[in-house]
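*Asks:* Each chain, letter by letter, is given below.
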Amino acid sequence: MDAILLQILNGLDKGSAYALIALGLTLIFGTLGVVNFAHGALFMIGAFCAVTLNKVFALSSITIDPTKTDFLGKPLQVKTPYLEKWFGDAGLAIMDWSVPLAIIVSIPIMMLIGYVMERGLIRHFYKRPHADQILVTFGLAIVLQEIIKAFYGANPIQTPAPSTFVGTLDIGVYLGFAQDAITYPYWRLVYFAFACLVIFAVFAFLRFTTFGMVVRAGMADRETVGLLGININKKFTIMFALAACVAGVAGVMYTPINSPNYHMGMDFLVLSFVVVVVGGMGSLPGAVLAGFLLGILESIASMNVVKQFFETIFIPSIDQIVIYLVAVIVLLVRPRGLLGHKGMMED
Amino acid sequence: MSSDKNPLHTPLTRRSMLKASAASAVVGAAPMIIPSTAHAYLNEPKGATVTLGFNVPQSGPYADEGADELRAYELAVEHLNGGGDGGMMNTFSSKALKGNGILGKKVTYVTGDTQTKSDAARSSAKSMIEKDGAVMITGGSSSGVAIAVQGLCQEAGVIFMAGLTHSNDTTGKDKKANGFRHFFNGYMSAAALAPVLEKNYGTDRKAYHLTADYTWGWTQEESIAAATEAKGWETVEKVRTPLASTDFSSYIGQVLKTDADVLVLNHYGGNMVNSLTNAVQFGLKDKMVNGKQFEIIVPLYSRLMARGAGENVKGIFGSTNWHWSLQDEGSKAFVKSFGEKYGFPPSQAAHTCYVQTLLYADACERAGSFDPCAVGAALEGFDFDGLGNGPTHYRADDHQCFKDVLVVKGKENPTTEFDLLEVVEVTPRAQVEYAPDHPMFAGGDLGKCNTGA
Chain A
1 MDAILLQILN
11 GLDKGSAYAL
21 IALGLTLIFG
31 TLGVVNFAHG
41 ALFMIGAFCA
51 VTLNKVFALS
61 SITIDPTKTD
71 FLGKPLQVKT
81 PYLEKWFGDA
91 GLAIMDWSVP
101 LAIIVSIPIM
111 MLIGYVMERG
121 LIRHFYKRPH
131 ADQILVTFGL
141 AIVLQEIIKA
151 FYGANPIQTP
161 APSTFVGTLD
171 IGVYLGFAQD
181 AITYPYWRLV
191 YFAFACLVIF
201 AVFAFLRFTT
211 FGMVVRAGMA
221 DRETVGLLGI
231 NINKKFTIMF
241 ALAACVAGVA
251 GVMYTPINSP
261 NYHMGMDFLV
271 LSFVVVVVGG
281 MGSLPGAVLA
291 GFLLGILESI
301 ASMNVVKQFF
311 ETIFIPSIDQ
321 IVIYLVAVIV
331 LLVRPRGLLG
341 HKGMMED
Chain B
1 MSSDKNPLHT
11 PLTRRSMLKA
21 SAASAVVGAA
31 PMIIPSTAHA
41 YLNEPKGATV
51 TLGFNVPQSG
61 PYADEGADEL
71 RAYELAVEHL
81 NGGGDGGMMN
91 TFSSKALKGN
101 GILGKKVTYV
111 TGDTQTKSDA
121 ARSSAKSMIE
131 KDGAVMITGG
141 SSSGVAIAVQ
151 GLCQEAGVIF
161 MAGLTHSNDT
171 TGKDKKANGF
181 RHFFNGYMSA
191 AALAPVLEKN
201 YGTDRKAYHL
211 TADYTWGWTQ
221 EESIAAATEA
231 KGWETVEKVR
241 TPLASTDFSS
251 YIGQVLKTDA
261 DVLVLNHYGG
271 NMVNSLTNAV
281 QFGLKDKMVN
291 GKQFEIIVPL
301 YSRLMARGAG
311 ENVKGIFGST
321 NWHWSLQDEG
331 SKAFVKSFGE
341 KYGFPPSQAA
351 HTCYVQTLLY
361 ADACERAGSF
371 DPCAVGAALE
381 GFDFDGLGNG
391 PTHYRADDHQ
401 CFKDVLVVKG
411 KENPTTEFDL
421 LEVVEVTPRA
431 QVEYAPDHPM
441 FAGGDLGKCN
451 TGA
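Going down the list, the sequences are from chains A and B.
First residue of the first sequence: 1, per our numbering; consecutive thereafter.
First residue of the second sequence: 1, per our numbering; consecutive thereafter.
Bound conformation, chain B alone (with noise of 0.2 angstroms):
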């Protein structure tokens, strides 16, 4: 082989230089055009159908809260896709849903398992976005979860549709432009509640707070010792109790040797019921401290949960983002649906996430694109109705719902297994409103929207 046939010994001209040179100006520039024309943004669906991620709890304490959500899930793609009564969207406001999928692509979805960890639950996530090509990601149960999935989502470019997450930082500290909540949150509990129990417990109060450790726990207990103190209440005390305790006798009998009157538990899930049994069991409801009758507080209820506190529940005030028994023709239509296809009402976090669904494909169909940026635009600000809240709002500034909150309190005389709990009050929307820069919620930032293109 002569040395002047080698490539690499090959003369180097002009013209051979101007070639390379738009050579490499091609391959570099193709990084930056062909995403732009083949990929709009991140998991366009290019087929038939689109695929949505419902990522909650198949295993760990909160299962069956993420069974009853993924029951909700399968619900509405059901009803997207033209299948049973059609529920909530024969009484959803905007019309833009035709049963025909989602802007004309048949719905389909993949499961994943959070376990109620934030490192699993984003594990299943990134799986289901990189893998199955999930356009948008939605489930919950747990605040740490979904504010770590939050996360994932805005840095991979697809929508998160937050199921059941009550702390503050969601839409707070936490929020991000490609995260969207419908569910209520603590400062709302404490806004609907605070006025009740003044109604119901006078302005002289010492209430003492058992709480768990972890952000939802700790956004609580600010909201409600901020506004029940604003009634006239006193704080005495604020306890942190590991999120994995299961025996809290040791705290409740702290409890006693206070001058509280009041328990607030800022517990949710099998703390609330080890919790709120074992402050039972102590005699706390039959107590009389300063004169009054002793009370106790839950201010987030769950019915899948009250039912493992059984009797216990009775006659203590909470609140609860939606119920069942509501009267609403949303509501009816969604009670009918669901206890039909599964013999039981659903729970109020099968209703957010049944929601959510809907609200994500009617932004789609609004927008006329998949575009995470495109049906965030739709999202934000739309007013809606029809979907067992009364007329709600999704703040721009921060992807929160306002709607009216319901306070509840657990029933003297249940007559079935599911009439666990009764609507008290309805607060009205503006009673639990706050200014998007309202310090419990103050220090993050949405940031921009991101497609993943």
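In isolation and in its complexed conformation, chain A is listed as follows (with noise of 0.2 angstroms):
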């Protein structure tokens, strides 16, 4: 039993990354029609906030050590960064809680971005073929993982937690297991508890807003909102950017679970695009419903039991099938996914 909730605890944290994608990729589709590939790169420049924040509150000052030498042999220099140097202690803790403070550099940074590409790249497609979008938003989308690489390279870069948050809670002694039963990482845990947060604002602000409700309405009926002499094309576009800005954040927070590289989005972005379909087209309740759902199946289709259990009855690798599998069964019996409604993508 312990190890299914350990699992499920696993499943949440996998999901709430697969919950944000999705979910900014449900409201760009709902509002603009425009199927968004490059959603995963912007997930990816999110993380990239983090790590450059990272990097300037790590510029140093060198000095030169005459006593210690460098791999060729000559003096060393040493490093001290300048935060260190010109505030101690405090200057220290700001480098350490480097990637929660990379959420405030980023929301600016991710707004702009997202606003730049529908004004500047996508808006030209909103009346062109879904294969189009697809099309442009996926080369978009390598364009932006090349440049990240030729900034920082190929390689995964550390981008750790706040010491603060290191190691592990034992969830399972609140639950009434044996101490050590389910352990759990602290920064995982608050990624759960942000994606939660992220999600609850998300949907806040479109059901308890006037700019939510107008929006709501244009997702619905874009043309009959438009005759009524709104610009829908201007909030439309700062949903974009709001998009954009859940997916950015997303990846900050994102960078300490696994070391941010280049090709993180990618990584995400199909499985995102699977989530969105499970959940329905067009669905934000859908779409971070079947978020969660398939990180917990996932999760689940990786214990060993389970995959040995599939491999029995001759299917073998579940745990990288298991997300597609289901897919394929819940577009069977729900074409429209789970929360999907009639008319969605069926113009």
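Errors might be hidden in some of the hints.
Unchecked claim - Incomplete in silico selection of chain B near chain A, CB under 8 angstroms:
id, residue
1, Y62
2, L70
3, G308
4, G310
5, A377
6, T415
These aren't lab readings, by the way, just hints derived from the structure by calculation.
None of these values were measured; they are calculated from a predicted model.
Don't be surprised by glycine CBs; every beta carbon is placed ideally from N, CA and C.
Got two chains here, each in a separate frame; can you build the complex from them with the hints?
*Replies:* Written out as structure tokens, the structure is:
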């Protein structure tokens, strides 16, 4: 039982990333009708906002230590970060908290990137077929990731969580299990909580603000809202920027979980699209539900007992195919996805 | 036009029949005769230059390693052509290289991007052979890719000098007469690591393997499990993980549900960085299991990858083919050349690629030809020293180099950003040698060398 609970926890934090990316994808699809294959790249750019801030905080002054030598036998250059030099322990604390601080930096950056992307490129493809949209956004994703690779290299870059969140929490004790039965890293719990907060904030924004109401109306019937004299295109541009922002902050907070590299957006993109389709194209609650659901299923499918069981019925590597298998079943049983509604992508 | 002037209507005579027979005999014999005089072997250099093909990952997950390999190849070409300080040419035991290119021909090169994909790597190698006239292909960073390109070079008829490839299969079941590997392999890592693990962690250990699901992962898992079981360890579980995995938390979580007290990560590159990071996040390094400290092992280390894992590598054992901190004359010369040109020390991938280029050039000089069969014969059974690994032997049976292996550990207190690993033991060559027909390497056949003529 504790093993299953642990896998559910694993699935929840994996599902958090899927849900956040899928949420942005659905927002863009629902409002602008664009299939945005560059959305994974926005997640990756968010992560690299954290990497950049980490590197900026680590900018150092160089002094020569004549008592030590470098790999060429020359006097060693000792680096002391300016933040540490100027502010002492406070400077070290700022460096330690670079990832959470990167959220503040990433929000305007991601909003700007989203705005430029939508105004500069994607708006020209609103009336083009989905195939064209996929091609151009996929191409854009490749360009963005190659730019990041040119600046940061191909290898993953370590971006640690604040030292306060290093270590594990013994959750099992709170649930009545033995000590160490279910331990889980603090930062992954933080990530799950953060994802829930962002999802709640997006839903609240759409539900309880006038702006959100107009956007929801536009998602339901764009033409009628336009006829009412509302500049729905402007509002949708802001929604694109907001979706980019959600992907970006998801990427920022993900960096301590796995060291970011230029390819991380692509790794999530395909699965996130499956999540959107399973959840129901254009359905925001569907995207969130499917994100968590598929995250948990993927996690449980990687359990040895589950893998061995499926191997006995001639389905090897179930952990690699479970998401696609579930997608096929869901689409056969409910062609519009779990919470999809009539009319979306059916025109 | 009269009908008797039409050649189609020319009457068949004995004389015309003999002429036609003689002409067809000449035409029929031509393909056999002309190449054997005009092209003794594929891409025989006729001018003042010879072209080498450097096939490395310039994009994809191993692009940084590929970039370092390319730097090493460029340095080797510079040294072969008499430029720079000569690097390891000065310490190489063979003195056939004179700094005037290879066999008096200036060395030029073309590069290809493998993208760490077998089909892309084969395409780029094919292009370099067919369009650019490369007489030798070299490169690596993935065993799957190296094996694919080695097969292509065998079919085409050029020498393949493998770069970084660690699978037993490269010189095991997939070995080829035209392929040569300087880099060590999974068996050697296991043979070097097992005694060190026994010394540090004892004989009563239970190991859990997480393994990348492809040729390299499988052979390393097999090698490490066999070597540690021979020391008394028990292998609790072997779990294969998809190569495309980025988050290993669902696999790591299960380790804690067994009574394993050692986790062996048969992962490389981004997989290694992520699985090690995940394992440390879940507190495995701090756990006590069976009354013992839980330990993690990364059998194949790469300094470039270790940098991605940051502090997580501290205290973790692994093995490596070469390390820049070695103090033999060859290593010092190479680090100096490379460091002064590029501003940082070379990786093990760079080292093996540089060495392979010098070894190929030296074999050509000793053979007096670029003929792949002659070069192969010069490499087979070749004993050399001064290239950073001590006395080394290129075994004729499988074209595998045998040399000392380094056991390394993540450094607790690094002094610089390059100072991530410390060499804890140089395992002597005799300890990592094996018979050519060892079961882990069985099933393949070198076959005959192919000149491509």
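*Asks:* Please flag the earlier hints that this structure goes against, numbers listed from lowest up.
*Replies:* 2, 5
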